[in-house]
Structure formats: structure tokens, C-alpha cells
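Keeping the supplied structure of chain A fixed, place chain C upon it in accordance with the hints.
Here is how the chains run, residue by residue.
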Amino acid sequence: MSNPGDTPRSDLPPLEPWALELEASEPGGGDPRAREELARVVSVLRSLPEPETPPRLGESILTRVTEDAARPRVLRGVFGGPARAATLALAAGVAGLLVMGGLPQTFAPGQDSNPSGSLVIEVPAHALPQGQGFAAAGALPRTGAQFVSLGAARHPAARLSNPFAGASVWQRQMDRHLNQLQLDPHAFAQQLEQAAGRDGYIAQLARRAGERGDAPEIAMHVRRSTHPMADQIVQRMLRASLVERASRR
Amino acid sequence: MPFDATEDPDATLVADWLDGEERAFEQLVRRHEGRVFRLLYRMLGSREEAEDACQETFLSLHRHGRRFRREARFSTFLYRVAANAALNRRRSLGRARARRQELAQRQATGAHLPVAPRDPEDAARGAEIQARVQDALQTLPDELRTAVVLYDLEGQSYKEIAAILEIPEGTVKSRIHRARHGLRDKLAHLHSPDPQAPTGDAP
Chain A
128 MSNPGDTPRS DLPPLEPWAL ELEASEPGGG DPRAREELAR VVSVLRSLPE
178 PETPPRLGES ILTRVTEDAA RPRVLRGVFG GPARAATLAL AAGVAGLLVM
228 GGLPQTFAPG QDSNPSGSLV IEVPAHALPQ GQGFAAAGAL PRTGAQFVSL
278 GAARHPAARL SNPFAGASVW QRQMDRHLNQ LQLDPHAFAQ QLEQAAGRDG
328 YIAQLARRAG ERGDAPEIAM HVRRSTHPMA DQIVQRMLRA SLVERASRR
Chain C
231 MPFDATEDPD ATLVADWLDG EERAFEQLVR RHEGRVFRLL YRMLGSREEA
281 EDACQETFLS LHRHGRRFRR EARFSTFLYR VAANAALNRR RSLGRARARR
331 QELAQRQATG AHLPVAPRDP EDAARGAEIQ ARVQDALQTL PDELRTAVVL
381 YDLEGQSYKE IAAILEIPEG TVKSRIHRAR HGLRDKLAHL HSPDPQAPTG
431 DAP
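First to last, the protein sequences are chains A and C.
If you read the first sequence in the numbering used here, its first letter stands for residue 128, the second for the next number, and so on.
If you read the second sequence in the numbering used here, its first letter stands for residue 231, the second for the next number, and so on.
Calculated from the structure, these hints are not laboratory results.
Backbone N, C-alpha and C fix where the C-beta goes; we use that ideal spot for every residue, glycine too.
Don't take every hint at face value.
[Stated by the list, open to error] Reference listing, derived: stretches of chain C covered by chain A, where coverage requires no fewer than 3 residues with Cβ under 8 Å from a Cβ of chain A:
| hint | stretch |
| --- | --- |
| 1 | 252 to 258 |
| 2 | 287 to 293 |
| 3 | 296 to 306 |
| 4 | 369 to 377 |
[What the hints assert, rightly or not] Derived SDA-like pairs: lysine to any residue, alpha-carbon spacing no greater than 25 Å straight-line:
| hint | chain 1 | residue 1 | chain 2 | residue 2 |
| --- | --- | --- | --- | --- |
| 5 | C | K403 | C | E358 |
| 6 | C | K389 | A | S152 |
| 7 | C | K403 | A | G155 |
| 8 | C | K389 | A | E150 |
| 9 | C | K389 | C | S290 |
Pulled out of the complex, with its shape left as it was, chain A reads as follows (with noise of 0.2 Å):
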């Protein structure tokens, strides 16, 4: 690495006393040419640049955990992580005999539903109370239901699009509920009600609207409704809108 007739050069970072020691114990590693080799691999490394980051990475990590905590988790703690094809394609057939056997409401896609093709609750994983997670297979379609789905509405509303183009993954995601809550606050409290997890959900909706300025409008839709959790959703709408006119002041 060296060229004959070099002198040490001085404007490379020392190395340190315990790099000096181990060179020390290499084979003619008393040279000073060869600490100064040594010397320049450090200075290269160090004066790479940073590679650039990816402009839209922050979003497409959020959206992929966005995606995968809306998966049901007792298959993802059975089987391991989504990479796997094998595990792809096993969790798949199971999720569809799980289908098949009776989940609340399977999916509906059709000309009425939104971009995603579906319309389904996302509950997180960090939404749910600790503890519940990677229960047994047999609680996910009756009790545990952490992947419910609505009904395709029929209202064109259903295509409202996202004017909070600014927003998060999550906030989004939020956002679709907040309209569907609004289309048919029974059915979406139907479902809900099947959610781990619901009412820190319900009030994380509810901080949203709160932002979003439209938690009275909600609430007020919410309020057509004869569901027990109706009055509930109601509260949380209202309070919501009360601390945010607070923050505001």
C-alpha cells in the first residue's frame, strides 16, 4: 500500500494506543510504513460520505408496519416474519380456511370500496392491551378478531379521499375509519365492538378528529346510532373536541 521512498505523513489520524499495541504483536509490526498503511485505511473509511437516505423511506417503513400490524398476529407469532414465502403462502391457506369458517364479516371489495380495495379496522398491536397478543389460533376468529373487516359501504361517500394530504400512515389510516364511522356508525361500532384493544383505539380516533376539527360533526353522526358503544364513541368525540378548543386558546 505503501510507496517505496515515503515518508510518514503526518496529516493522517494517529491510530489508537490499543490499535498501536496490536499492530505491535503483527509480524513486523514495528513498522512505521506499516502503521501509516493502517493510518490511511482509517483515513479512507472515515472520509466516506453518507450515502443519502432514501427520500421516501420514512413512509414506506410506516406503511409496512402499518400493514403488517393489521395482520392477524396469532399467525404472525405462529409462523415468523412476513419474508418468508413459504410462511406467506401457509399463513394465506389458514387465513382462508379461517375465512371460510366463520370471521365476522369477510371482505367486500367491489366498485364501491375505497383505493385498498377493502375496508377494514386496524387495530395496532400496540393498541391492544399487553398480554393479548399470540393467543391461541383458536381465539382469533371469534373472540380475538384483531382484523376486522367492514362491509363495502355503498354510499359514495365511501370514495371520500384524504384532505390531509400532509398526514401520516397512521393518521391516514385514522382517517379512513373516521369516514367509515361517519357512513355507518352502527356497523363500524358493530365491528369494533369484536376489537381488542377498543376503547385506547377509540380514543386515539378521537384525538384525531379532535385535530381534524370534525369530532362535533362525528359525534353527532354517531349519535343516529342505538349501539351500546355508540354513547361511548359519542363522549370520546365530544371531549376530544373540547380539549382541543382548549389547547387552542
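For chain C alone, kept in the frame of chain A given last:
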């Protein structure tokens, strides 16, 4: 000395996230995505692979975050997850061996080698040289590459690296030293006075 969790700049966000606040997780992603990506790029040598591995890292973090015991900084835990993601990726795809063979062949034949600049600072600034150094990094064994990337490129302390890799600090230093030796041999031709001179070792 036991780790003091209050020293962790991410402590509040992590606590919020573990309490169910998904926005805190989002902020953790935004805060660390760049560093994790850089580490993975250095480890894997490909932007596409690094981006995929970066997604897998945060996915794994989101799934298993509750295993974080706050015995070390959150960033240490995250780096450990990232390093494991990179190593698993390399192992599962079996790319390391293929890439080493390809690079060794290129070095042996001298094909496509650039004219070597004499000054290392100039060399480091050149895109070609950067690619060569990145390639040389990829030829190192995984455990050596991880150590030298974390220390010389990412600026982590021995203590942090020891915590990330779960090895003693002495082993960290030894691995860094061996990695530097390996790189010196691989990059020998960069500083040859004669571009036509032999191109260093050819394993």
C-alpha cells in the same frame, strides 16, 4: 456501571410508544431511519437491500419492542436489531460468498480497475474509490465488517459496539484491527504508484 435510562435521549418517546402511542413510534422512525439506513448500506453494499432491511428492522422493532428492557440506550437496541437484520439477510440469501468470489475475480484479473490516485484524501472523494472501499468492506467476514462499520464509519464507542454485538470490548478492538488489516490488503492497489502494478492480494 449500570445504565441510567434517563441518559437516553429517546427515553420519553420509547415510553410513550410502549404505552400505545403510535405517533411516538413514528417519531422514532423519523429520528433513526437515516442512521439505520447508513449502517445497513455499509453492511449490505446495496441501496435496495439496505432499504428492505431497514423496513424489516423497524418492523421487527414494532413487533418485538416490548423486549426492550431499557438496560441500554434505545439506539443500541435498535442497532442490534439492524445488525441482526443485515446478517440474517446476508446469510439467508447467500450473497456474501457469491459477492466475495466476484470481487476476488475482478481483483485478480484487474478488470475495470480505475487509475489509482496517489493521494488518499482525493481518492476518498472520488466516486470510484468510494465504490471500491464499499466493495472491499463487503469482502470482509460479517463480524469484522460490522465492527469496523460501527466504529470507523458510524462513530460508535467501543462500549456501544460491545453492547450492540454483545461481545467484550477487547473483542471489539480486535475485530476492528483485523478488519482494518483486511481492508489494507484489499485496497493496496489504490495507492500503488503504477496503475499497472499488481493489484494487491487475490484470494
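Verification of the supplied hints:
1. 252 to 258: holds (count 4)
2. 287 to 293: Our answer is that it holds, as 5 residues pass the Cβ test (under 8 Å) against chain A, meeting three.
3. 296 to 306: Not satisfied, violated; 1 residues make the cut.
4. 369 to 377: violated (count 0)
5. C/K403 <-> C/E358: violated (29 Å)
6. C/K389 <-> A/S152: It holds: about 23 Å lies between the C-alpha atoms, which stays within 25 Å.
7. C/K403 <-> A/G155: Satisfied, since the Cα-Cα distance of roughly 20 Å is no more than 25 Å.
8. C/K389 <-> A/E150: This hinted pair holds, its Cα atoms lying about 21 Å apart.
9. C/K389 <-> C/S290: holds (24 Å)
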